[in-house]
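Protein chains: 2
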Amino acid sequence: MRETELHLDTLAQTESVFALANGHIGLRGNLDEGEPFGLPGTYLNGFYELRPLPYAEAGYGNPESGQTVVNVTNGKIVRLLVEDEPFDVRYGELRSHERILDLRDGVLRRTAEWVSPTGRAVRVSSTRLVSFSQRAVAGILYEVEPLDGATPVVVQSELVTNEAGPDTQKDPRAAAALTAPLVSEGFVARDTRAVLTHYTRASGLTMSCAMGHVVDGPGGTGMRVEAFEDVARLAVSAEASPGKPLRLIKYVAYGWSSVRSPPAIRDQVGAALTEAEHRGWDKLLAEQRAYLDAFWERADVQIDGDTELQQAVRFALFHILQAGARAEGRAIPAKGLTGPGYDGHAFWDTESYVIPVLTFIAPHAAADALRWRYDTLDPARERAGQLDLRGAAFPWRTIQGEECSGYWPAGTAAFHVNADIADAVIRYRDLTGDEAFDRNVGTELLVETARLWRSLGHHDAAGRFRIDGVTGPDEYSAIADNNVYTNLMAQRNLRGAADAVERHPEVAAKLGVDAEEAAGWRDAAERIVIPYDPDLEVHQQAEGFTQHQRWDFKNTTAEQYPLLLHFPYFDLYRKQVVKQADLVFAIVKRSDAFTAEQKARNFAYYEALTVRDSSLSASIQAALAAEVGYLELAYDYLAEAALMDLDDLEHNTRDGLHIASLAGSWFGAVGGLGGVRELGGGLSFAPQLPEALDRLTFRLAFRGRRLLVEVRHGQARYTLTEGEPLEIVHHGEEATLQPGHPLSRRIPRALRREAPSQPPGRAPARRRPPR
Amino acid sequence: MRETELHLDTLAQTESVFALANGHIGLRGNLDEGEPFGLPGTYLNGFYELRPLPYAEAGYGNPESGQTVVNVTNGKIVRLLVEDEPFDVRYGELRSHERILDLRDGVLRRTAEWVSPTGRAVRVSSTRLVSFSQRAVAGILYEVEPLDGATPVVVQSELVTNEAGPDTQKDPRAAAALTAPLVSEGFVARDTRAVLTHYTRASGLTMSCAMGHVVDGPGGTGMRVEAFEDVARLAVSAEASPGKPLRLIKYVAYGWSSVRSPPAIRDQVGAALTEAEHRGWDKLLAEQRAYLDAFWERADVQIDGDTELQQAVRFALFHILQAGARAEGRAIPAKGLTGPGYDGHAFWDTESYVIPVLTFIAPHAAADALRWRYDTLDPARERAGQLDLRGAAFPWRTIQGEECSGYWPAGTAAFHVNADIADAVIRYRDLTGDEAFDRNVGTELLVETARLWRSLGHHDAAGRFRIDGVTGPDEYSAIADNNVYTNLMAQRNLRGAADAVERHPEVAAKLGVDAEEAAGWRDAAERIVIPYDPDLEVHQQAEGFTQHQRWDFKNTTAEQYPLLLHFPYFDLYRKQVVKQADLVFAIVKRSDAFTAEQKARNFAYYEALTVRDSSLSASIQAALAAEVGYLELAYDYLAEAALMDLDDLEHNTRDGLHIASLAGSWFGAVGGLGGVRELGGGLSFAPQLPEALDRLTFRLAFRGRRLLVEVRHGQARYTLTEGEPLEIVHHGEEATLQPGHPLSRRIPRALRREAPSQPPGRAPARRRPPR
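Sequence order for the protein chains is A and B.
Taking my numbering, the leading residue of the first sequence gets 2, the next gets one more, and so forth.
Taking my numbering, the leading residue of the second sequence gets 2, the next gets one more, and so forth.
Do not rely on the hints blindly, as some may be mistaken.
Given that identical chains are not distinguished, each listed pair holds provided it fits within a single copy or across any two copies.
Here are the simulated lysine to any residue pairs, SDA-like style, with alpha carbons at most 20 Å apart [said to hold, decoys possible]:
# : residue 1 : residue 2
1 : K555      : S456
2 : K600      : L709
3 : K284      : H714
4 : K245      : D192
5 : K600      : E679
6 : K284      : I531
7 : K555      : G762
8 : K555      : Q387
By construction, these hints were calculated from the structure, which means they are not laboratory data.
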């Protein structure tokens, strides 16, 4: 991913795009010298401050404080003075600029040629890395070389805490800012090292950041190190000249804890620093490359015929990895660790978009993310109790596990997050066969969420199981009865829990589940209400939905999107207008619950109502469009999902990447064009290519096996690259894959028919691949 | 209304009960000496400050600031020093205490005998009045007389601005406090007069308060007057003795404006003061008495057999008069001018509870209150535009006309307020025949609200007119489709508007209403959806309601009421539990839309679900209970409504009286036991008495006539005390009332059957009248 010119007006977007992270540490792609910035950002997964959640009118059960991601000590700053002039691209002349996010090496490279206001030309280059192999460590190689004669230069490598950032926006999607959230606990500087330790006032977390350096400069290079409460600095001064650059390797280590003492955390980061210095820069680089080589081997998706899309999907895979690789018991937030959007919260995105992908390409990271949910069972059980429900009620949005939603109709009422978690658990087990996880982690998650559903729903006089007054995925509807998505996912959850306690009676006993309780889950699942409109012959997103007034799309102008910024929720909720795949997502996730005819009719009906004001929508629409035979439309949606951030389609990439949309681009390619479905422990494929593409290949892990699938027009080839023989289904036909015997199968000719239309102006951009 | 002992723990409640007001000025019944207080309060109708309305998550169309009633300059303070000891009931010995709210004289009288800590006994007496005849004026007669020998006394008559009050509660129903909202604009003191002028920071309102005095003391009485920014003081010192009291008459005048200059307002209050002094105390008292004599002549309700209820209903009538008598273009807030509850806002209470009563007993005040709505048409039209609707959307809660609700599901979504206004307009015209009002005020209100409904609803595929996603009266449900109350009231609104433009084609032309538009209103009204459950044979409060889970009343403890303080709205909304009459109110207001059988079945069904966590419920239940034959239950509910504040049944009378419940007690007696219904321009009666009562009489104004109705067991007597002959209906039989010929009619024997039950623990107290 290469940038060849610097545009200050899109700086914040590029900072998100060029962000480096390993799931634990996240560094936005800010310029080394700190300024100008769009939005400075350095994050530690799980490190947050509390802020009060205010309400104009109080209500029982409203969360009183919210968790907000903190911009922690910035360890990536390396400032440069050229003959006393600060290197700042806004002054002097920037002769050339290049940034490369290297998806194979896992580093961000930058080179710039700059002429200072006093006329001294220098070449600056840096390589930045957030280590996958050493989780607590980031590193920077920084080099400055004068281009025309010896020049005095000073390089200041810094740690800066409580950076000033820009004012927050009024847009509800932009994160609330926190001013100076960190309080100094101590600072030390010695030799080439410095450490700053801070704590948060309200959340009571302590963090420490340490830096160490290796300096390689011309003779006479001098150094000075100092530290204060909120800044530490190593200043290196040298007379550099062409061919004799000043070169600095900076290692930065981070650590934080809610439990351990400041000295313990300080020592921990010191040790990490020592280890990084001991390995050395080249080894860190080599380990990074090796980690990524292994990743691409498992995960790469090749798309021939559309190089832009090819790049976007790889970019997406890289960022999914960065979001989840080493989270290890922490959440995967909606923005990963790339920006402060949504306050750094994790949503249902994790389980519904990211984990399903990780389960296929990086199962250990999927398991880690689900373990984070497991670790938050206690606050979820407390929340359920507060809501007068049984089991666990997982939060709509959170960092640490407590509900942080300040608007319950689109927050707490969106109970489907619980079924989404259960679905990810069931899916993970089905795809990996990880029985230890199933026993130690999965079953309890399934049981506690099943208990929630059983208490949330009730049987009506006719014995049907209803779930009333909840909010489904579509955020332009709320508090409705019997949302199909919610009910089908709850059904899966209830059955999954009943199956799990049958597999693990000892866990069931520990959790107090008896045969009656499990039978109650199965009965409720069996009798769950799925609203259907017999006149229109489509499912109702929720009871009554198809009787509501259709949104007046004709008189809605392009400027009035996204609708939530121009119309009150009152108006959106009561009309037929869909922000994002809801019933369509139900069909994709519960493919077994709909006939082919129903899928097609439903898709057409809801397609005409769906405005895609959410980045979560396109990838799901891609998947169902492909399944019901609209390949070109699927291709358009796939491209939209993949280019969400590279093209800044929602105008808020500045606040961080849309990790779920990026994950969705994998799903759009593999689940959509590849037609991959997994239900009940088997894999089926229904690959098809849109005209523009020549070839699609993808890789999957499945129960200890690895598969390579190559799709061309008219033909698919399945290769078992690792593991035991496997039964698969290709376009409805069963086949057996044998090791060492790739299997080629014809692809039936696709139905050619007119795709259904979207609301005026809301069709996805027609994909015309730049060749 | 007499209080014979002072209880400091219920001081705030008694301050509300003993409040004096005339619709323009409101004085809580604070002790003359200012302290101790429960909640000090002095209000000017319409005088407010703005406060920000915060949201944890922003949303388009949420009001950003709210209007809050201001505790203005306190003109009722008269402090006393007895031999340098401040008269304070918390010290020394209070030998006797009496307060009398005199409902005939319209004054609050107080007498106390107090022995100071130094052993000097004095008798203090005061008479306080807020003038009905001179709207801007209040007055106090204050007298202190030593009981055992000459005693030096100092009386300080004060104006105090920005009084400190108690901290606000966390209870969402208690009002938000404003600290020191008034900024000094000027102060003057001369002779026995002083004036303080202030303005509000954000709302930009200016107010002025002036006091003048007549002092009558023993020889050697001295005086000193002074003023500062927030206090003005006349200090009178005298050597009083038994038989030679010190006596002070204090006149207080108030004025405020959003437009006029501070000098103009100061002069205005000065002039009011001069006029009051010119009339003199005795004349003010006499005018007050005359005003009330006339009121009781038109309004009195006599209940023989239950003296407590008799007193409570008269107390209620007095406070309704106080809330509305001289509001003259201002709102009638939910608490009147008796306390800061609900931020001083007016709700649908005004049109649904208070105006219907005023229309029968003080029609000019009803017209005034509706004129206030008319004056707020502009902000209501703006709000409709903001919500993408046509016509006018009146606010759920307001002082000045702008929406001040910070929680839209129970605020803006409660669109029925618009139909309630229309209903009050139609009712006012039907009962008074006031054609000028109909033409100049009523028609535009009907047209703009009809336009709102037409744009809020839509026709479904079957041509039925639906109103989806709105909130009815029951605040334990929200955002539902086709709420019966809302739809029936909207139907009345639409038809009323169509009728009005037929009567006033010139107004229709001015408002741009053509025949097509009016026909559209009639069509929509004709096809409006009224959900009905054919299995249960009851109407559904809203579509789907009867399929929801019933609230688990059995496991809800007495301490968990009111439910809104112990359960989240999420839970309340999705279950069958009713806070207050909703479908039952629909039946009472649209008696024509239900058969007798439906009324009885519906009443029984909803009675079992209604918890009466709102003070707005009992009176409506009383009315329908009586109609469907549960006289004793009606009596219980009537007593609950009437005793709401005297018995502090909701534990928040401290924040002000429940004016709607008080008005409801009239309706419970007249509409319930009297069985009065007015629809389509005629009056019908179906009087019946519960066993405990011997007689009920009430008075009604109707189209220039005045009626007196006397009900005894087995017989009713109708007297036309003024006006032309009138056709009435008595228990279904038509009759003609002639002047000078009272008509007696037998009352059919009431059906005796078991009343339906309420949720456990939520039955009204069984009324056992203290004889």
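Taking the hints in turn, this is what the structure says about them:
In this homomeric assembly, K555 and S456 come within 20 Å of each other (Cα to Cα) only across copies, at 16 Å, whereas the closest approach inside a single copy is 42 Å. Taking CA atoms no more than 20 Å apart as the test, K600 paired with L709 passes in neither setting, with 28 Å inside one copy and 70 Å between copies. In this homomeric assembly, K284 and H714 never come within 20 Å of each other (Cα to Cα): the closest approach is 43 Å inside a single copy and 103 Å across copies. Taking identical chains as interchangeable, the C-alpha atoms of K245 and D192 are never at most 20 Å apart, the minima being 24 Å within one chain and 93 Å between chains.
Proximity of K600 and E679 under a CA criterion of 20 Å is satisfied intra-copy only: 17 Å inside one chain copy versus 55 Å between copies. Taking CA atoms no more than 20 Å apart as the test, K284 paired with I531 passes in neither setting, with 57 Å inside one copy and 75 Å between copies. Taking the shortest Cα distances, K555 and G762 sit within 20 Å of each other inside one copy (9 Å), while across copies they are farther apart (54 Å). Taking the closest pair of Cα atoms, K555 and Q387 come within 20 Å of each other only across two copies (19 Å); inside a single copy the shortest separation is 44 Å, beyond that limit.
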